[in-house]
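There are 2 protein chains.
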Amino acid sequence: MNGSLVVVGTGPGKAELMTAATQTALARATDLVGYGPYLDRVPRRRHQRRHASDNRAELDRARLALSLAAEGHHVAVVSGGDPGVFAMAAAVFEAVETGDPAWRRLDIRVEPGVTAMLAAAAEVGAPLGGDFCAISLSDNLKAWGTIERRLKAAAEGDFVIALYNPASKARPHQLLGALKLLRTIKAAATPVLFVRAAGTREAEVIAASLGDADPSVADMRTLVIVGASTTRRVGRWVYTPRSEAR
Amino acid sequence: MNGSLVVVGTGPGKAELMTAATQTALARATDLVGYGPYLDRVPRRRHQRRHASDNRAELDRARLALSLAAEGHHVAVVSGGDPGVFAMAAAVFEAVETGDPAWRRLDIRVEPGVTAMLAAAAEVGAPLGGDFCAISLSDNLKAWGTIERRLKAAAEGDFVIALYNPASKARPHQLLGALKLLRTIKAAATPVLFVRAAGTREAEVIAASLGDADPSVADMRTLVIVGASTTRRVGRWVYTPRSEAR
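As you go down the protein sequences, you meet chains V and W in turn. Counting in the working numbering, the first sequence runs from 51 upward without gaps. Counting in the working numbering, the second sequence runs from 51 upward without gaps.
These are computed hints drawn from the structure, not numbers from a lab. Keep in mind that the hints are not guaranteed to be accurate.
Remember, identical chains collapse to one label, so a pair may be satisfied in a single copy or spanning two.
Pairs of lysine-lysine residues, derived as BS3-like cross-links and limited to a Cα-Cα distance of at most 27 Å, are as follows [stated by the list, open to error]:
(1) Lys230 - Lys202
(2) Lys192 - Lys202
(3) Lys192 - Lys64
(4) Lys230 - Lys64
Same shape as in the complex, but just chain V (with noise of 0.2 Å):
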């Protein structure tokens, strides 16, 4: 088995967000496997096969991977963000356990690249200036109960709080239960930021408080940040400051 499987993340979307080593990654790959749109930022190579598939079967997706690099090939598993983050490494290593016992042995390396939630931040401010938290709305793989226990948690801890897959067609109203469970904590005059498409060139920012915000903004491509008590406004950025002095 002298194949190889790295797992790479293409960023939030801009080229210039990905990273040179996750570039040399994918230009040595002899085969990509990942979601469609994700594979269609990487530059075409000849000689590069390209394994598309949808958003969903993220294991049978990573299994398909793990098989290649176990005939030899050199695979890269095409995630958007990080790999690490909501996204497809995860589901590797759960296919390698869960998978043939000689996929242990292979050549498995993750790349580690910028995240929705510091491209959001980024296009805001700095949001994330202190403790904070990331949570996927998503219950496709969790109980809504764990994600309602983790929001209560996370605005007890008077986290700054990142959403991650707030809504979608499918999900409509997880965002909604969200912010009302956050209110019962949280003061009404926190800034929640609504970033659709961060870092790229059609970034939108929408800012609301937590009493007013109005979850039916958020789509699929939306990171939502609900702020601590610190978190605040100058001029038209939003930041938290370092220090709970202040």
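Based on the hints, put chain W in the right spot on chain V.
Okay, now just chain W, sitting in the frame of chain V:
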């Protein structure tokens, strides 16, 4: 005021993990402001001035940068990692809030980067594959009671926890205190990863469990990741499944 200010992060260390957008911003700057070791990662250019400082006095450094921009210079404030995560971006906006009102009209931007916890996670697999928190253990800027409250909330929410600034010569006791607190809530078998110099050629990983983790192995260059209840080992990797059901 035709100057500008961009806050950038050089990533975890290896040049290949700095984004192209950050390299471009650095190349365009007339003035670089930052902590000496981060400036040392930036290639020298003729006619570009460097204003190196020590690691403290972040607000003073931010004010210097804003003053230079207000004089018409194109200033890059240089952090490590991502500038919005326990780094200079929040200090810049804090200086704007408390400083010369004219600074609010400046052209200020933040460029996202690869923060340490993403590089640390990539070194070991995908430990941040589920919901996670980032907490700085430095009590220079916040009370230890606040840190304890957040550790407790993060443990009760069963988040994966990334601990930034776990220890320094001036603060050897924080990590011991944090691990002791986490042991009262999380299982002794919970994976704990000490990742030193993640995203550099000298990266080193010490894998332990919460019950036997020795805080003295951490230093200023270490990032500590404490797993959730589902975080597990497979072969030489550690990951957190996206699903809680497994």
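To see whether the hints hold, each was checked on the structure:
Taking the shortest Cα distances, Lys230 and Lys202 sit within 27 Å of each other both inside one copy (11 Å) and across copies (23 Å). Proximity of Lys192 to Lys202 under the C-alpha cut-off of 27 Å is found in both arrangements, the shortest distances being 16 Å within a copy and 22 Å between copies. For a Cα distance limit of 27 Å, the shortest separation of Lys192 from Lys64 qualifies neither inside one copy, at 31 Å, nor across copies, at 36 Å. In this assembly of identical chains, the alpha carbons of Lys230 and Lys64 never lie at most 27 Å apart, being 34 Å within a copy and 43 Å across copies at closest.
Comparing the model with each numbered hint stated earlier shows that hints 3 and 4 do not hold.
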